[in-house]
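Undergrad: Residue numbers (our numbering), protein chains in the order written: chain A, 1 to 279; chain B, 1 to 310.
By construction, these hints were calculated from the structure, which means they are not laboratory data.
Remember, predicted model here, so these are calculated numbers, not experimental data.
Virtual Cβ for every residue (Gly too), placed ideally from N, Cα, C.
Any given hint could turn out to be false.
So, partial list: chain A residues that the calculated Cβ filter (under 7 Å) puts toward chain B [as the list claims (entries may be wrong)]: (1) Pro-12; (2) Glu-14; (3) Asp-52; (4) Glu-53; (5) Asn-85; (6) Leu-89; (7) Gly-173; (8) Cys-235; (9) Ser-237; (10) Gly-274; (11) Phe-277.
Heads up, simulated DMTMM-like pairs for lysine to aspartate or glutamate below, C-alpha to C-alpha not over 25 Å straight-line [what the hints assert, rightly or not]: (12) Lys-67(B) - Glu-14(A); (13) Lys-3(A) - Asp-203(B); (14) Lys-276(A) - Asp-116(B); (15) Lys-263(A) - Glu-89(B); (16) Lys-86(A) - Asp-203(B); (17) Lys-137(B) - Asp-273(A); (18) Lys-271(A) - Glu-89(B); (19) Lys-208(B) - Asp-51(A); (20) Lys-83(A) - Asp-203(B); (21) Lys-276(A) - Glu-117(B); (22) Lys-207(B) - Asp-250(A); (23) Lys-81(B) - Glu-14(A); (24) Lys-88(B) - Glu-14(A); (25) Lys-81(B) - Asp-242(A); (26) Lys-84(A) - Asp-203(B); (27) Lys-285(B) - Asp-250(A); (28) Lys-92(B) - Asp-242(A).
Footprint (simulated), chain B over chain A, 3 or more residues, beta carbon under 8 Å [said to hold, decoys possible]: (29) 2 to 10; (30) 41 to 50; (31) 238 to 244.
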Amino acid sequence: MNKRFNLPLCLPIEKITSEGLGTITLSFTIPSVLQTQPLPGQYFMIWNPGDDEIPISISNFDSNNSISFTICSEGETSNNLTKKNKSKLIGLRGPFGNGFDIVEKETAVLVAGGMGIAPLRYLIYYLLRRKNIKIILIYGAKVEKELFFKTELDNLSIEKHFCTDDGSIGYKGFPTEILDNLLKTTLEKKSTEIYACGPELMLKAILGVVKRYSLERFTQFSLADRYIRCGFGICGSCTLDDQGLTICHDGPVFRGDLLLNVKDFGLFGRKSDGSKFKL
Amino acid sequence: MIDLQIKVGDVKLRNPLILASGLLGSSYSSLNRAYENGFGAVTTKSIGVESRDGYPNPSIIYLEEIKSILNAVGVANPGYKVFTQELKEMNKDVQYVVSLFGSNPDEFVQMIEHIDEHIIVHSPSAYELNLSCPHAKKVGMAVGTDPEIINSIISCVKKSTRIPIWVKLTPNITNIISVAEAAISAGADALVAINTLKALMIDIYVKKPILSNIRGGLSGRSIKPIGIRTIFDLFEKYGLEIPLIGVGGVSKWQDVIEYFLAGANAVQIGSALNDYSSPKELTSKIIFVLENYLSDENVKIGELRGIAHE
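So here's chain B without its partners, still in its complex pose (with noise of 0.2 Å):
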């Protein structure tokens, strides 16, 4: 039996498949579930201060052609405070990770001290701050390209909580290493990346985009080669400074080999859902020949962590 267990910072996992945020976190039960099915962590929706509709349809689009999504979904959520009593119905054996967005300190600060205090038996496992998304106004990748801000936010909740905090960030910029710098000279324990890539599909009958919002961000497969060369990037300038967690297209076992030889910690998954039946069937596969391959190899899975750099 091969070991799949991981470590990202103190944070242990029982492999390093994480559901990525966005996909079946909205509710307690599809968390679950995703739990059960065999990811190693799974992360909530992007949470924030108040309840948002999201963007009119159509918001998610799947890209056949290139087994990739384009989304606009506006971070739909019900608000903190409702979501906290979500978080309260989670099965006691799951590890998950609260995903957060807000435009300024003091939101995040104010949603962690109250999931920290009413969520005190069954803690997360990490906040992962979402500075990273592009399609939504005032918050997400509107922050997380400035450094300054990513400073500011990252020390207050810093000192607000102590429980990990995450922090995802966006390829949507000239240089990731300004605002990776930002994130880590601020504490934080870990880094993800990337985001979705800003994109834009018209219909050439209609002749308008397809998103309600017209721009979203795009993910799944095609991104993966530029979530392989952030993390890689990453982690030539940090080497093992700060756990790196890889997200891009991630959805065969050999894509999850690419980012730890790049320099990842653990990956994140979410388009990929939809290239298997169920996640059952994604999970379950990927570990299944991931394990093959350790054995075959003979080394633990962190051990080929950044050894494409040597």
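With the rest of the complex left out, here is chain A (with noise of 0.2 Å):
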């Protein structure tokens, strides 16, 4: 059962995880009784009492109803989020949003950008439960620091591609030309469902790379990183033009078909007042 707390389910911060860079992963202990099970893609709104609430990707749930949240230090509230000391109360409303549609093919390629990693890393655990899906994943970030989760990556026995635009590690150069190349040569396209997260102009571009492959509607994007207030779907701050699909509740995951539709994908955001701005 995937139980949704409206409203804040305030929690004390129980781990607080390093990953370099500013960046942090906090982990709260959902009590078993409120029986939740969010899927890799959903999102909460992680509220910081008394600054503001935002939305964050959950970057892993396990078992033991630990839920993590990476939190990198570039806007204003996240950067605050990321100086809090164990113990201290935040607020957990959600879970929010489609998720992944998990497809059960043989082959799942991943593409992560930068914190795009961040649902993926949950999604490759919730993938490698499921024995008979092979996972394929495409890292890439502008240097080797900004590769977030390296070292646990590593020790996953999945196929992993990195790459950065630097070359300090892995293939100089972006995700997009090794998703291009795997797809050219080695990837039986029927049986690959592709799952990938990042900035949205790197979305934009590999949904080029799959278009030519015809594979637009067998992969799924992540939009997680826009501006969203309710997380439900009625206030429209979120609104994609120019079909009117919300972020927070049609999304944050959509099929290639879809998007391919969708006029602001990858051009234009949205800020808080309901302006547009270009990408």
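The task is to assemble the complex, starting from two chains supplied on their own in separate frames and drawing on the hints.
TA: This is the structure:
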């Protein structure tokens, strides 16, 4: 059962793990009596009392009901959250959004850019519980230091392809190039489902690649990096033009064939006042 | 086939369900979608002279136990000039109402003149003056509880546009008749009642109010009897003199009938969006049973208006 907490569930921070570059993972234990089973790709509104509340993807949820959120220090509220101490009360409202549609295909290709690894990390653990799925991770960042969870991922028995813009580690170039190459050479397209999360411009480029192989219907994109207010699809603050889809409720995960018809995708974001800006 | 068409003054709508302001109203695409999904008209989010970021979150909280919503969004909006561009993109078949807030007559006139000037082909069906938002400073309720200000705002606005002026009233007042009177005597074309009720919620572990703005407005099922009572009061006083649009807790077909019986010509729906899987499901479920009821009772929906007073 995937119960949603409509009011902030205020829990003490149980564990703080530094992931480098000011990025941290906050972990909480959700009382098992509350019976929630959030899906990879879903998110919570994380409330820092007295400050603000922001949407954060679930970066892990395990069988002990421990839930984790990985937060970088970029935004003001994110930055404040990274400075919290253990035991401090934080409100969790959610889970919200649709999450990834877990498809029973032979191969799952996960494409992550920068912090986009967070929801895909949970997806990896989720898929690892299903023995028959081969997992291939393509993970890129600007520089080596921005490849979060690198050591942890190195220890997992999945196929990994790292890349960096400057070539400081792995392939020098973008995740799209590796994906293109795999699709061109080894991947059996019929039995592949692709899951992507990262900066929207990267997602847009991925859509361009998968379209060339007619795989847009089988590629899922998480647009988690956008302004969200209510979380349950009624305020309209996160509307995507021009189909009127809400990121917070209809998404944040959308399939590529749908995104091909979304004007705003990869072009315009929306601010809290409702106005748009070029991405 | 039952005809659900209604009239609010001179404004004819295909059915009496209007999307309330503040929900799915920030962009042309969500308004178009809501209309396609079956609403009789859709209302934009309240727009002001300057852009506003609104309050930090939490600004909208769903209270499951009472199927209600507590919000203090703080009239976030991009400002009327930017929003006029959104209005240009509205589908031509969509009937829409532009909700506006301001602190004085000049601001309202400035916005309306600009929109009238730039949206010529597919004008709004009405302007709804939000004189009732309970959590925005110096606008909304702050002006909407003073009959004199209401009167001067509406008098000025009426001189500047031919588009009908609907006035959304606050329930956060001892005597709503005093502000309704001011609105009617200044020439309002319809009254919309009620806006949200001032409310507050505290988290008992953090021991602080949940909304960043501390106070907010309550909407949804819990306020329906207050909305019904207000429409009843207004109809009792004014009868057929002024069209009334009932808002507050409409989530089922029975609620629509109830508002009509109290005296409404139409209803607005907002928080109930959260009770259904989609806006489409909401409108089609309500409309389907409403049609059956009207067929069984052998009445037209408009004929139900104010019957509870007989």
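Undergrad: For the pair supplied as a hint, Lys-81(B) and Glu-14(A), is the alpha-carbon distance within the 25 Å limit?
TA: violated, 48 Å
Undergrad: Do the numbers back the hint for Ser-237(A), that is, is its least Cβ distance to chain B under 7 Å?
TA: Holds - the Cβ of Ser-237(A) comes within 7 Å of chain B, reaching about 6 Å at its closest.
Undergrad: Are Lys-86(A) and Asp-203(B) close enough, with their CA atoms no more than 25 Å apart?
TA: The hint holds at about 20 Å.
Undergrad: Just to be careful: measuring from the Cβ of Cys-235(A) to every Cβ in chain B, is the smallest value less than 7 Å?
TA: holds, 6 Å
Undergrad: Is it true that the CA of Lys-92(B) sits at most 25 Å from the CA of Asp-242(A)?
TA: Since the Cα atoms of Lys-92(B) and Asp-242(A) sit roughly 15 Å apart, the hinted pair holds (cutoff 25 Å).
Undergrad: Can you confirm whether the C-alpha distance between Lys-207(B) and Asp-250(A) stays at or below 25 Å?
TA: The given pair, whose Cα atoms are some 33 Å apart, is violated under the 25 Å limit.
Undergrad: Is the interface hint for Glu-14(A) satisfied, with its Cβ closer than 7 Å to some Cβ of chain B?
TA: For Glu-14(A), the interface hint is violated, since the closest Cβ of chain B sits about 15 Å away, which is over 7 Å.
Undergrad: How about Phe-277(A): closest beta carbon in chain B under 7 Å, or not?
TA: violated, 11 Å
Undergrad: Is Lys-285(B) within 25 Å of Asp-250(A), Cα to Cα?
TA: holds, 21 Å
Undergrad: Are the Cα atoms of Lys-276(A) and Glu-117(B) separated by 25 Å or less?
TA: holds, 23 Å
Undergrad: Tell me if the straight-line CA distance from Lys-137(B) to Asp-273(A) falls inside 25 Å.
TA: With Cα atoms ~16 Å apart, Lys-137(B) and Asp-273(A) stay inside 25 Å; holds.
Undergrad: Within a Cα-Cα threshold of 25 Å, do Lys-84(A) and Asp-203(B) meet the stated pairing?
TA: The given pair, whose Cα atoms are some 19 Å apart, holds under the 25 Å limit.
Checked against the numbered hints listed earlier, the structure breaks hints 1, 2, 5, 7, 11, 12, 22, 23 and 24; every other hint is satisfied.
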